[in-house]
Amino acid sequence: MKKGLLEIFCLPVILLNLKLAHADELSGIRKAADSGECVVMHEGREEPAIAWTASAYNIPAYDKQNTLKLISAFIAHGCSIEEPDSAGMSPVNVAVLLAEPDLLRFMLKAGANPSARISGSRPWANGKNSIEFAELLNKISPSEQRKEIIRILK
Numbered sequence: 323m324k325k326g327l328l329e330i331f332c333l334p335v336i337l338l339n340l341k342l343a344h345a346d347e348l349s350g351i352r353k354a355a356d357s358g359e360c361v362v363m364h365e366g367r368e369e370p371a372i373a374w375t376a377s378a379y380n381i382p383a384y385d386k387q388n389t390l391k392l393i394s395a396f397i398a399h400g401c402s403i404e405e406p407d408s409a410g411m412s413p414v415n416v417a418v419l420l421a422e423p424d425l426l427r428f429m430l431k432a433g434a435n436p437s438a439r440i441s442g443s444r445p446w447a448n449g450k451n452s453i454e455f456a457e458l459l460n461k462i463s464p465s466e467q468r469k470e471i472i473r474i475l476k
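The opening position of the sequence shown corresponds to residue 323 in this note's numbering, with each subsequent residue numbered one higher.
The hints are simulated quantities; they were obtained by calculation from the structure and are not laboratory data. Some clues are possibly wrong.
Cut-off 20 Å, straight-line C-alpha distance, at most; resulting in silico cross-link-like pairs (DMTMM-like, lysine to aspartate or glutamate) [unchecked claim]:
#: 1; residue 1: 450; residue 2: 470
#: 2; residue 1: 391; residue 2: 405
#: 3; residue 1: 476; residue 2: 454
#: 4; residue 1: 461; residue 2: 404
#: 5; residue 1: 386; residue 2: 368
#: 6; residue 1: 391; residue 2: 365
#: 7; residue 1: 386; residue 2: 470
#: 8; residue 1: 353; residue 2: 368
#: 9; residue 1: 353; residue 2: 365
#: 10; residue 1: 476; residue 2: 424
#: 11; residue 1: 391; residue 2: 356
#: 12; residue 1: 469; residue 2: 454
For clarity, every value in this text was computed on a predicted model and none was experimentally measured.
Given only the sequences and the hints, what does the whole structure look like? Please build it.
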């Protein structure tokens, strides 16, 4: 099998293995935002509130604008917009992974660093900054959203 096809078939598996927020966890995110906490509990582990909330951005049952409001609340409470989640992904990296241009613009406008490097255990992503990560994902699974992400980062 050609390398490109193998990468395309592997992307859904890669994405499924990443820790992302699910709809049933949104109440915990809301509670943390209301109380000014900068962490959210997930599977017995503390996750940084902004990175974890960013991962909820594309949950179909949840309004994207509400997610941005929660992120704004965390920022207002002084939570770090740079702190990576347990997979080593900063909020900007999460926006790149999800291929969500509006979320990426929001994070950059709020002061997030697009040069932040992924510090996880996955060799395919570890050490990459946002643009390198975006280009890799676009190579594996090209889309207009991924191309827009790259344009925003350049």
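Verify the proposed pairing of residue 353 with residue 365, using a straight-line Cα cut of 20 Å.
-> holds (16 Å)
Is the hinted pair residue 391 and residue 365 satisfied, with a Cα-Cα distance of at most 20 Å?
-> Not OK: residue 391 and residue 365 at ~24 Å, beyond 20 Å, violated.
Would you check the hint for residue 353 and residue 368, treating anything up to 20 Å between C-alpha atoms as holding?
-> holds (14 Å)
Residue 391 paired with residue 405 [C-alpha distance capped at 20 Å] = holds (18 Å)
Is it true that the CA of residue 469 sits at most 20 Å from the CA of residue 454?
-> Holds, at about 13 Å.
Does the structure keep residue 461 and residue 404 at a Cα separation of 20 Å or less?
-> violated (26 Å)
Holds or violated: residue 476 to residue 454, with C-alpha atoms at most 20 Å apart | Measuring from Cα to Cα gives roughly 11 Å; hence the hint holds.
For the pair we were handed, residue 450 and residue 470, check the Cα-Cα distance against 20 Å.
-> holds (18 Å)
Would you check the hint for residue 386 and residue 368, treating anything up to 20 Å between C-alpha atoms as holding?
-> violated (23 Å)
Given the hint that residue 391 pairs with residue 356, test it: the Cα-Cα distance must not exceed 20 Å.
-> holds (11 Å)
Pair hint outcome, residue 386 versus residue 470 [Cα-Cα no greater than 20 Å] = Holds, because 18 Å separates the two Cα atoms, which is no more than 20 Å.
Satisfaction of hint between residue 424 and residue 476, Cα-Cα up to 20 Å | holds (15 Å)
The earlier numbered hints that this structure contradicts are 4, 5 and 6.
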